[in-house]
Every structure is written in structure tokens, then in C-alpha cells.
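Fit chains P and Z to the supplied structure of chain B, relying on the hints for placement.
Chains as they are written, first to last, in numbering that gives the first Met the number 0: chain B, 0 to 255; chain P, 0 to 287; chain Z, 0 to 351.
It is worth saying that the hints were derived from the structure and are not from the lab.
Glycine residues also receive a C-beta, built at the ideal position from the N, C-alpha and C atoms.
Careful, some of the hints might be misleading.
Among the chain P residues that face chain Z by a calculated CB cut under 7 angstroms, a handful are [as the list claims (entries may be wrong)]:
id, residue
1, Phe58
2, Glu105
3, Val272
Keeping only pairs whose Cα atoms sit at most 25 angstroms apart, straight-line, the calculated DMTMM-like set for lysine to aspartate or glutamate is [stated by the list, open to error]:
id, chain 1, residue 1, chain 2, residue 2
4, P, Lys274, Z, Asp139
5, P, Lys274, Z, Asp230
6, P, Lys274, B, Asp53
7, P, Lys274, B, Glu91
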Amino acid sequence: MAALLEARGVTRRWGGLVAVNEVDLVVETGTLHGLIGPNGAGKTTLVNMLTGVDRLDGGTVTFAGEDVTGVPAHRLAGRGVARSFQTSQLFEDESVVDNVMAGRHRLIEYRFPHTFLTTPRTRRVEREHRLHVIGLLELVGLAEDANRRVSQLPYGRRRLVELARAIASDPTLLVLDEPAAGLPGSDVDVLAQVLVRLREVGFTVLVIEHNIGLLVSVCDRMTVLSEGRVIADGDPETVRRSPEVIEAYVGRTPDA
Amino acid sequence: METFVLLVAGGLVTGCIYALIAAGYAVLYTATGFVNFALGAQAMLAGYITYAGFEDVPFLFRAVVAIVASVVVSVLSWIVFYRRVSEQDMLAAVIMSFGFSIVLAEVVQLVAGGVPLPARSPVGSGRHELGPLSISSHSILVLVVSALLFALLATVMSSRGGATVRAMFQDREMAETLGVATNRMTIVLFAASGVFAGAAGILTAPILSLSPHMGTRLALIAFVGAILGGLGSIRSAIVGAIILGMLEAFFAGYISPDWRATLVFGVFVVILVLKPAGVLGRVAAVKV
Amino acid sequence: MSDQITVTDDRRAAGVGDALVTASGGRKVADPGGGRATGAAALLAAAAVAALPLATDYSTTYLLAYIVIIALLGTSLHLLMGLMGVFSLGQAAMFGTGAYVAVVASDELALDGILGLLLVALVGAVLGLVMGAVTLRVTDLYLALATLAVGYIFENVVRNTDWLGGPQGRTGFVITVAGRSLDDPRLLFWVGIVALYLFIVIIWSMRRSKLGRAFMATRESPIAARSIGIDTRRYKLLGFALAGAFSGIAGALYAAWSLVVDPSVFGIDLTLSVLAIAIVGGLRSLPGILIVGAALTYFRNSAADFGAADYVLLVYGSLIVLSLRFLPQGLGGLLASTVTAGTSRMRGRRES
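So here's chain B without its partners, still in its complex pose:
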């Protein structure tokens, strides 16, 4: 196994506060990697830096063997890093299928003049991608909602749209920021199935969660973040038994 994403000494400060402190994180190709930690541990801040949304105050990020420190989000996405967001960043007024189609942006190419004029070629390319997207919607259980507007969907469904949009770009690395947060039970099951399926077909996935339970069963490897530092890293069983992790979670939310 080789490292697909490698972060070394990544640091972010907010004023006097160190939100993320010299964090090392290695995600290996083809694994399902869990990043967990209590609320406020700096998980989202870390992920924002890894995906080019936020800047780094220190450290380096390597993706697929290349230094991508400070590379902006759209370039990273072009190289195959896709992500979902914890707070909804969906295109509210658009249909589910159009939201997910947007996720295929980097894979669609029809060149001038087909970009500006609807030609048979544009139609063909669009149709192919639309087919793919419909298949994807079936996989995450959104087929029925394909033509509904996102703003009309209940919360849990919206999270799945976000997931589908990230997957749609056929990413080399898929980063999911708390995909299970607020999902009703039935949708959590769908999510778990999708995660397993993603790993089966060879995706590399980094999942952020504050709930250890969900990830232990599906992850290959886990990294635990607390107060901006890595306190444990390794296979799920070892991590769960680590005294630091138990301490970090004791007295916190009972679901931990």
C-alpha cells in the first residue's frame, strides 16, 4: 500500500488559538480511512486545509506523490479530490440530477464550439453522463427524487445528494465531512452500504465523524483528533482501546 494523501505537520491558527496543531495524516490508496474526534477537535478545519478550501499556517500536503500544499480547491478537485460538506452547500434551486451532474464537471469535455452550441455531440456526451448520474442516484437511493428540487427534499435526502455529487466526479480521493450527521436510521444504513461498496470497487475514502461507533465496523484505519492534535492512529480495534481515546471521549456525548 502506498500513501495517496500525506499531510505532515499541518497547522492552522485562529488568532491566538491553535485549531490544528502539527497534524500528520496518511491516507493509503484503496482504504476507507476514518478521521474521528469530539466536536471542536479541528476535523473540519483540517479537512478544509487538505482540500484547498482553507489556507495552511504550517506543514505540507502531498497528494499522489506531488506537493499540493496551498493548491486551491478547484485545482485539487481537478486532480481528483472530491469532498462533501458538513453544512449544506447544495445548489438549492436546482434538481437533484442537475446537482449531481455538476459533480461530473471535470470529466465532461466537448470542446469549442460544442461548449456554446448544442450539437449532436454535446447531446451525446450529456446523455452519457446523465445515464451515469441516474445510476449513481439509484445506488444512493435517490432515484425517485431525481427530478425534484433540492430545496424541497428532507434533510437526510439532501445529505445523500451531497454524497452523490462528490462521488459523481469519480474521485481518486473522496473526502466526506460527517456524512451521517442528522441522517435518519434508514439513510444511515444506505450510507454504510454505499461506503462499503465504494471500497469494494476501489475508491479511497476519508470519512470524518464524531461518532466512533459507526466507523469502527467499516474502516480500515482510523485517526483520532482531539483539541487539534492526533492522539491515536492505526487499525480501528487498537484505536478504540487506546487510553488516550477513551479519555478524550469519557464524559462526553454518550453516543461516543
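Only chains P and Z this time, still in chain B's reference frame:
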């Protein structure tokens, strides 16, 4: 040297008029985040009420009526138009105020005609020699009145009421839970901005003479001044507007009066390129 | 590590995605954007509109030409405000520049209209790019005012440039297309309608493709757009350039239409009328904008006939205020919501 002193005085006078409108913007913006473009048109309206006709009524009475009119327009336009829209979409409300300013201008044009009208200053057209400086009575009036108004504003804002306004800008819900009647407070602020706009109109008319669309331009220039200093604080908005007035005067005096608009709006574009968050310098953090 | 780099190869990655959704092969996908019937109807309507001057008298044709010019501007506003979500008030700057460039191209450079119009489109696009670049980092109110400021600057510059005629502007120019003068309203109308149809086809095509989704994504959530690989800056610049080119052409045709070009082409008057059209028509709705554009231009042109000439701007301003207050989505939104309500009622009946 003489030119320099003249230009400083002239710039200060123009700057003070811009600053009156800018103060109106900042008072509203700091509390509600809304920029009321119709303040310029309200100034125009106050100018017309004061100078166009009713010559036999005492000046002070006309001026008071004009300011009351500006206040009424200010408050009513908020209650009837902007309030509901600004809750949904702040930009739509701002565009609305732009549309409303055109409506005001056109109504005045229908009533009073589109030909520019001269306005006679209440203090006459006399000039005073102060060392190297020759200054008109009206300029002195402008400086004195605006200084008084700014001092009044500063006193009010440093009191408990001012703290309340700042709290509203920081966190409206929090202010409400702390028992601030934000709705009533906002109305008071709209009234205050109406007073400032009215004063600006009454003071500027004898300088520029009256025309229905004078407000649109005044509104825009004052906005440039306000963001030059920073719209997020009343003091910096006022200072910025005065600086812009001076800049304009120096440019007109030493380079060319014809290219003033290019200067003013050029400054605006340059600020946006260099300090895109406005000179407020506050950039919203990414939160996802 | 380096021997594993092949993973980032797109084909391989796409293979992963395909493996995920193989189950979906061979399904029929509904083509978005209406069927053949709608397309045929649109084509027929377009042809009918283009044939209008054959049936109308001189003054009506003259009015139609003006309506087409305003429609071009409205369409560019639809692109900027509706599709890209950029609140630009810079239309007047682009329009006025187009007018002046057209006059200079025919007077000074002795270019024929077609080359002249290409030059106008190019200059307009460059101006659009510059405005886009200047406002790249600002949004909303600041962007609106910065673009408005560009118009004021240009007005001031032109007013003080004797070469361009100063405050009086220029007259006596003849703009020709393929050797025939554009003072023939029919020819002017047809040139305008070709530009308008081209623009509409581009916009419709974009809306159904990658480009349109990139604009949509940039408008709805720039952060999400970037996270799926959309270079939001590039698309913003592209949109501004397109809008600049077509607004410039509108300005050039206006110069041919009015036979005089003076600094008022940069004026607040034009900004206000286009803004009224876009807001009342509905920013997101091209049909709404075209209908309201035609109606308001007709009103403006014939206001004098029913004694309303003094009320034109008052009406425009009031329409902006009232529409934002009571009809925030404009006429287009009203049409769309009526349609949606209708179809969902039908669907509801079918399901129950």
C-alpha cells in the same frame, strides 16, 4: 499657498456635505447592514422644500419642514418597502432604495420641473477674509452645522444607546434576547439618517443649485467616501467622506475640474481592487 | 510511492466510477429542456418575429429595431444576473463603449459594419473581462456599485475628449453593413435579430450543458463549485466577456438607430431602464425579460402619444420598487410558479 488654503477650505465644505450622507449610511449600516441609496434623493427633496417657493415663510420654518419630510420619507420607506424585502435579500432592498430614489427624483421633477433652480443661502452671499483665506458665509454655515451634527452624533453614540446599536450589528438575535427593541431602534436610526440627509440637502443646494437628479450622484459619491473610510464605523465613514471631498478639491484645483468624476469613481474601483472587503477590512471566515 | 501514481489517471478513475454504477446500463434518460414540439414552436415563433418587418410600416419597423436592441441588452443582463448571479450595473458602460467604437470604426477606420461589429464585440468582450477582473473579489452591493462607477468614469472621459465630440457627441456618421446603410430600419432590425438569436441560442445551449452548470454552481455556492473542480473565476470572466460583447453590439446598433452618439449613452437612464426590465421580467427568466423588454420599450417609445412622456422614468422606478416588494421573482417567476403549481396539481391528482 493661498490656493492651497482655499482648496483645503473648499474640500472641507464639500467633504462635510458628503460626510452628512455618509454618516446617514453608516448609522443604518452599523445597525441593520442596509445601505439606503435614497438618502441622496431625500437630501434633494429637503433642498426643494427649503428653497423652491414659499419665500414668505421664515427660512428656519422651511428648513424644519424639509427635515421632517426627509425623516418621514426615511421611516415610511423602511416600514412600507425595505423592511420586508431586506429580511429576504439585502441586496434586493438596496436596489429597491435605488429605484425609490429615482421615483422621488421624478416626482419632484413633475412638480417643480427639470430645469436647475438656484438656491439662495439663508446667510446671504457675503465673504469673509481670514488671513490668506477668503470664505463665503455659506461655507462657514456648512462647517458649523455639520460640526454640530457630528458632535451630537458622537455624544449619542458613546452613550448607552450607541452601545445598543453596536450590539445590534454584532448579533441581532442576542440583542433581542437582551431586551433591545430592535424594531423601534431601527426606526429611530432611520429617522436619524433622515435628519442627516435633510441637512445635507439644505446645505448643498446653494452650492450646487437644485436639480431633481442631484441626489443620485450625491448618494453614490457619499457612498464612495463612506467605504473609503469604512462603512462599519460611523467615525471612519465620516472621515473617509471628508477625505474624498478634499481629494476632489485638490484634484479640481491643481489638475482639472473636468475630470473629477473619473477621480472619485477611479478611487472607488482602486479601493475595491486593493481592499476588496471594503476598507472595513473585515473578511468573513470560510465556514463549511 | 511513485509507482502508484497511475491511480490518478482519469481513465482509471472513471473506471472506478463506472464499476460503481454498471447496474444502470441501457436505461432511457429524459432529455431535459422540452421535447421536439417545443423546439418546433420556438423555431416558428422566431421565424415569425424575424418576418415582422415585411408586414409593418416604417415607424413600426423603427420601433421594432429599438426593441431588438433593448432585448439584446436584457439578454446580457439575464446572463450576468440570472445565470451567473452577478449583480452588475455596468451595462451602460458596455453599451456606450459599443456605440462609440462603432462610430469610430465607421468614421475613422472606414470599416464595414460586419468588421465593425466584430471589432465592437471584441472591445466589448475585453471591457467585460476588465470589469470582471476588477470585481473578481467583491460581491453583491460592492460589485453593483463598482460596475456602475465604470459607467460614470466612461461618461466623464467621453465628455472631456474632444476627439469623440465632447458633450455634444457625434453625428453624421454612416454605419453600413455589406455596403448598405443601417439607417434602413429593416436592415437594422435584421442585423439585430441575428445577433439576438445567436445570443439566445448560446444561452440556451449553455443552460443545458457543462457551462451552464458551472455558472449555476458558481451562483448557488462558490465553495461547492470549486470543490467539484469549477474554476469560478474563469467562468465569471467568461460570462462578463460574453455579456460585454453582446451589450457592445447592442450599443453599436443603437448608434446606427439614433444617428447620434453622445455621453448620455452611459447615463443612469439606460441603467435604470434595463434594470427595470430585468427585475420586472425576472432575472432568471429569459422569456420574462424579453416580454417585459418589448412592453416597456413600446411604452417608452409611444408614451408621448398618450401624454405620458414625463412619467417614463417614474414608471420604471416604481416598477422596480413594487416588483421587488410584491413579485421578487418577476414576471418570469410568476409564469414559472403558475406552471409548476399546475403540473404538481396534476401529478397530485394522478398519484392519489
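Exercise for review: Decide if the proposed pair is consistent with the structure: Lys274 of chain P and Asp139 of chain Z, CA atoms, cutoff 25 angstroms inclusive.
Suggested key: Between Lys274 of chain P and Asp139 of chain Z the Cα gap is close to 15 angstroms, so the pair holds against 25 angstroms.
**Study point:** Restraint outcome when Val272 of chain P is required to lie within 7 angstroms of chain Z by C-beta distance
**Key:** The hint holds - Val272 of chain P has a Cβ within 7 angstroms of chain Z, the shortest such distance being about 6 angstroms.
Exercise for review: Decide if the proposed pair is consistent with the structure: Lys274 of chain P and Asp53 of chain B, CA atoms, cutoff 25 angstroms inclusive.
Suggested key: holds, 20 angstroms
Exercise for review: Please work out if Lys274 of chain P and Asp230 of chain Z have their alpha carbons no farther apart than 25 angstroms.
Suggested key: Holds, at roughly 22 angstroms.
Check your understanding: Regarding the hint that Phe58 of chain P lies at the interface with chain Z, is the smallest CB-CB distance below 7 angstroms?
Key -> violated, 30 angstroms
Check your understanding: Can the hint on Glu105 of chain P be confirmed by a CB-to-CB distance to chain Z that is less than 7 angstroms?
Key -> For Glu105 of chain P, the interface hint holds, since the closest Cβ of chain Z sits about 4 angstroms away, which is under 7 angstroms.
Review point. Would the pair Lys274 of chain P and Glu91 of chain B pass a check requiring their Cα atoms to be no farther apart than 25 angstroms?
Key: With Cα atoms ~31 angstroms apart, Lys274 of chain P and Glu91 of chain B exceed 25 angstroms; violated.
In summary, the structure is inconsistent with hints 1, 7 from the numbered list given earlier, while agreeing with the others.
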